[in-house]
Amino acid sequence: GENVEQHPSTLSVQEGDSAVIKCTYSDSASNYFPWYKQELGKGPQLIIDIRSNVGEKKDQRIAVTLNKTAKHFSLHITETQPEDSAVYFCAARGQGAQKLVFGQGTRLTINP
Amino acid sequence: DTAVSQTPKYLVTQMGNDKSIKCEQNLGHDTMYWYKQDSKKFLKIMFSYNNKELIINETVPNRFSPKSPDKAHLNLHINSLELGDSAVYFCASSQGPTSWETQYFGPGTRLLVL
Chain V
1 GENVEQHPST LSVQEGDSAV IKCTYSDSAS NYFPWYKQEL GKGPQLIIDI
51 RSNVGEKKDQ RIAVTLNKTA KHFSLHITET QPEDSAVYFC AARGQGAQKL
101 VFGQGTRLTI NP
Chain E
1001 DTAVSQTPKY LVTQMGNDKS IKCEQNLGHD TMYWYKQDSK KFLKIMFSYN
1051 NKELIINETV PNRFSPKSPD KAHLNLHINS LELGDSAVYF CASSQGPTSW
1101 ETQYFGPGTR LLVL
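In order, the protein sequence lines correspond to chains V and E. Read in order, the letters of the first sequence correspond to residues 1 to 112 in this note's numbering. Read in order, the letters of the second sequence correspond to residues 1001 to 1114 in this note's numbering.
Incorrect hints may appear among the rest.
BS3-like mimics (lysine-lysine), calculated; alpha carbons at most 27 Å apart, straight line [what the hints assert, rightly or not]: (1) K68/V with K37/V; (2) K1009/E with K1036/E; (3) K1071/E with K42/V; (4) K1067/E with K42/V.
Source of the hints: derived by calculation from the structure; they are not laboratory data. Please read all numbers here as calculations on a predicted model, not as lab measurements.
Kindly generate the complete structure, drawing on both the sequences and the hints.
Shown next, in the form of structure tokens:
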């Protein structure tokens, strides 16, 4: 089955700097890769997703890149702000698969 | 309006007890899920229902039994609670069960077994 590895487990950056979180997946048939943000005491919320037919997707300060050959995808947050502090999860889902497999999570802290 | 709601938000109980967690979604979705998040934040699916039919049943002890009375509700009943059941349980829903349907999560139920 699918296995998703996420790094780093913790990340601390200065406000205004960029943050990058990386994930690798094992199933070459996976075709959907969402990223979720979980704030303290809340459930995960989708912030951006990418399908396997594109290599990059951007939404304001957030972007996701996908390298299907290497089976890895990354989340990029630019001009970080204090409200970006949260735990971020990547996930992958195979074609025809009925479940998302999540990475271990990255705790991102933005230092003012 | 709350899209996916869960009750209770906190649940503290003794080992051996039986408890239930309720979930409701008002998004008109066909598919609902239960996830378990352990103390290390690892998020793992437990069950999924589509149109009240069970479609995902991960390796979960028989003490956990989901029930979907209708498409908008998915409840989780846990028998004979154990210390290791302490975790945050999230309900989620999606339009359908296909690959790229966005999943919307509830706020979670924090279960502590003493």
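Consistency of the hints with the structure:
no.: 1; hint: K68/V with K37/V; in the structure: holds (23 Å)
no.: 2; hint: K1009/E with K1036/E; in the structure: holds (14 Å)
no.: 3; hint: K1071/E with K42/V; in the structure: holds (23 Å)
no.: 4; hint: K1067/E with K42/V; in the structure: holds (24 Å)
Every hint from the earlier list agrees with this structure, and none is contradicted.
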